[in-house]
Structures are given as structure tokens and as C-alpha cells.
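Peer 1: Sequence:
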Amino acid sequence: MPLHLVPDAPKPAETEKDRIRKRIKALPKPKDMIQCPRCGGREVIETRIGVFETARKWSGGTKALLCALCFMRGERVVLK
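Take the sequence shown: its letter number 34 is residue 21 in the working numbering, and every next letter is one higher.
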């Protein structure tokens, strides 16, 4: 059976949202500030996975920073 390659689909036209995201990502920011690579947002949510409660204190677990704006849209974007 011969292999048939499908040609690349044309790139979608740039929308207003895409232009706004590019503009927000290009804004100046402090060197150490965390910014979402997907939406350009700078709000974060800190989550902890695998936490134990011992004597009414939390211990253990793995922390992760999530983009708050993407999280509200139902996406889970982990920030470094």
C-alpha cells in the first residue's frame, strides 16, 4: 500500500485575540516575573498535590504554579 502524504493546512488568519495576546506578551516586565506562555497572563494559582494532614498541619506534597486566566477557561497550564 503506497504512502500518501497530506499537504499542510493553511495557517488560520490572525484574529483580534491573537493580536492582543502578542501585544500583552511583548509588554516589558521585571526579569524574575512569571508570565504564561499561552495567554501572557501574570496571575498564578499555587496548588499542592499529595498533601497529608497531621496534627492539624499540612505536610508534604508537590507544589505547582498554574496560570489563573487559563485555569478559568478550563485549561491547565503549569508555569515554572
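No lab work stands behind these hints, which were simulated from the structure alone. Please note that a few of the clues may not be correct.
As the list claims (entries may be wrong) - Using 27 Å as the maximum straight-line C-alpha spacing, the simulated DSSO-like pairs for lysine-lysine come out as follows:
1. K(-2) x K50
2. K50 x K18
3. K12 x K50
4. K(-2) x K12
5. K67 x K50
6. K4 x K50
7. K44 x K16
Here the structure is a predicted model, which is why all the values come from computation and not from measurement.
Peer 1: Indicate, hint by hint, whether the structure satisfies it.
Peer 2: So, going through the hints one by one against the coordinates:
no., hint, in the structure
1, K(-2) x K50, "37 Å, violated"
2, K50 x K18, "22 Å, holds"
3, K12 x K50, "25 Å, holds"
4, K(-2) x K12, "21 Å, holds"
5, K67 x K50, "11 Å, holds"
6, K4 x K50, "31 Å, violated"
7, K44 x K16, "36 Å, violated"
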